[in-house]
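Novice: Sequential numbering from 1 applies to the sequence shown in the numbering used here.
A portion of the hints provided could be inaccurate.
[To be verified] Once the Cα atoms are required to be at most 20 angstroms apart in a straight line, the calculated DMTMM-like pairs of lysine to aspartate or glutamate come out as: (1) Lys173 <-> Glu153; (2) Lys173 <-> Asp125; (3) Lys173 <-> Glu201; (4) Lys173 <-> Glu258; (5) Lys173 <-> Asp134; (6) Lys173 <-> Glu221; (7) Lys173 <-> Asp204; (8) Lys173 <-> Glu114.
For the record, the hints were derived by calculation from the structure and aren't laboratory data.
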Amino acid sequence: MSGNVSGTSGAVGAGVAGEGGVPADGTGVDLGQVRRLWHLLEPLHAVLYYAPEAFEEAAALGYGTEERWPSYFPYRAAPLGAVGRRRVASAFYGFSPRMVDEHIDSAWRTASPEQVLAARERAVDRAYRVILGDRVDSPELAEAAALSRRAAEAADTAGRQLAAANAELPWPKAPHLQLWHAATILREHRGDGHLAALLVEGLDPAESLVSFAAIGAASVERFESRGWSPREWAAARDRLAARGLVDGGGIATEAGRELRRRVEDHTDRLAAAPWQSLGPDAVSRLADLLGEFWVAVLGSGLLPSETTLGIGKV
1 MSGNVSGTSG
11 AVGAGVAGEG
21 GVPADGTGVD
31 LGQVRRLWHL
41 LEPLHAVLYY
51 APEAFEEAAA
61 LGYGTEERWP
71 SYFPYRAAPL
81 GAVGRRRVAS
91 AFYGFSPRMV
101 DEHIDSAWRT
111 ASPEQVLAAR
121 ERAVDRAYRV
131 ILGDRVDSPE
141 LAEAAALSRR
151 AAEAADTAGR
161 QLAAANAELP
171 WPKAPHLQLW
181 HAATILREHR
191 GDGHLAALLV
201 EGLDPAESLV
211 SFAAIGAASV
221 ERFESRGWSP
231 REWAAARDRL
241 AARGLVDGGG
251 IATEAGRELR
261 RRVEDHTDRL
271 AAAPWQSLGP
281 DAVSRLADLL
291 GEFWVAVLGS
301 GLLPSETTLG
311 IGKV
């Protein structure tokens with residue numbers, strides 16, 4: 001997973017079935033609901049990487065704003081502390097190490113992680129107030145924040161470095177900031193599990209993107225934003241072709257599509273526990289509550305319509 005999010009998802013309203021909608025461990029919270037909650041929460045998290053207020057806060061710290069990457073890397077990595085490029089490349093996975101080097105090498109010389117964390121909280125506060133307006137103080141948002149926080153606090157972060165780093169941060173007091181913080185913990189919890197699913201299937205960082213593009217999750221051009229050279233992309237495609245996962249044109253074979261289905265289903269299973277802790281009624285209630293905030297974020301026009309996460313396509 002990356003910091004991107006799709007601006008459309010016809011699957012959100014219906015819920016996307018994972019494992020045929022089989023309940024997760026008998027709790028009644030099926031894996032379709034697990035994926036649906038990701039679809040609903042991801043845009044609420046991703047505001048940080050696109051909102052004008054976030055760029056203004058980043059610029060005040062000294063980061064470039066000609067594109068989003070100079071602020072994306074420190075904003076997302078700051079909970080880990082002043083870590084180096086190897087740690088960030090490991091945690092972010094799908095990005096080219098060269099791209100990580102470019103942005104992390106100078107990130108903590110520009111501002112400390114503590115300064116970045118304070119700036120991102122200010123950015124989300126400001127952006128949410130613009131996007132949500134009076135709904136920032138609504139009882140519906142407070143209820144959604146409380147339910148999301150319950151799920152986030154139930155998330156087991158063992159072996160999940162980004163989820164654990166965010167979970168260690170103090171909870172903000174304002175409900176809208178609690179909602180964002182919960183969404184962040186939960187999306188990173190899911191993302192960390194997704195990396196485990198990719199590793200189980202033997203997909204290295206470049207192959208993970210090539211195989212995802214091969215099933216039409218997004219265009220190859222969109223995946224180029226992760227910094228891999230044409231030569232590296234072609235080499236990864238050749239490795240997948242040797243395994244029978246893509247054809248000569250880079251399109252997924254039946255085996256390649258089945259592998260990606262396993263990755264997504266495994267990701268859903270690994271992401272299920274926080275939602276199991278809430279139970280089916282609370283999960284359904286949260287999904288209903290999040291709908292209007294999801295619509296407001298998408299209606300802001302801040303988020304791109306095509307991203308590398310495959311929301312609405314997986």
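Novice: Lys173 and Glu153: Cα distance at most 20 angstroms?
Specialist: holds (15 angstroms)
Novice: Taking only the CA atoms, is the gap from Lys173 to Glu221 under or equal to 20 angstroms?
Specialist: violated (41 angstroms)
Novice: Against the 20 angstroms threshold, does the CA-CA distance of Lys173 and Glu201 hold or violate the hint?
Specialist: violated (41 angstroms)
Novice: Next pair to validate is Lys173 with Glu114; report whether the Cα-Cα distance is within 20 angstroms.
Specialist: holds (18 angstroms)
Novice: Verify the proposed pairing of Lys173 with Asp134, using a straight-line Cα cut of 20 angstroms.
Specialist: holds (18 angstroms)
Novice: Is the Cα-Cα distance between Lys173 and Glu258 20 angstroms or less?
Specialist: Status violated; Cα separation ~44 angstroms.
Novice: Could you grab the alpha-carbon distance between Lys173 and Asp125 and see if it respects the 20 angstroms cut-off?
Specialist: holds (11 angstroms)
Novice: Assess, step by step, whether the Cα of Lys173 is no farther than 20 angstroms from the Cα of Asp204, and give holds or violated.
Specialist: violated (40 angstroms)
When each numbered hint is compared with the structure, violations occur for hints 3, 4, 6, 7.
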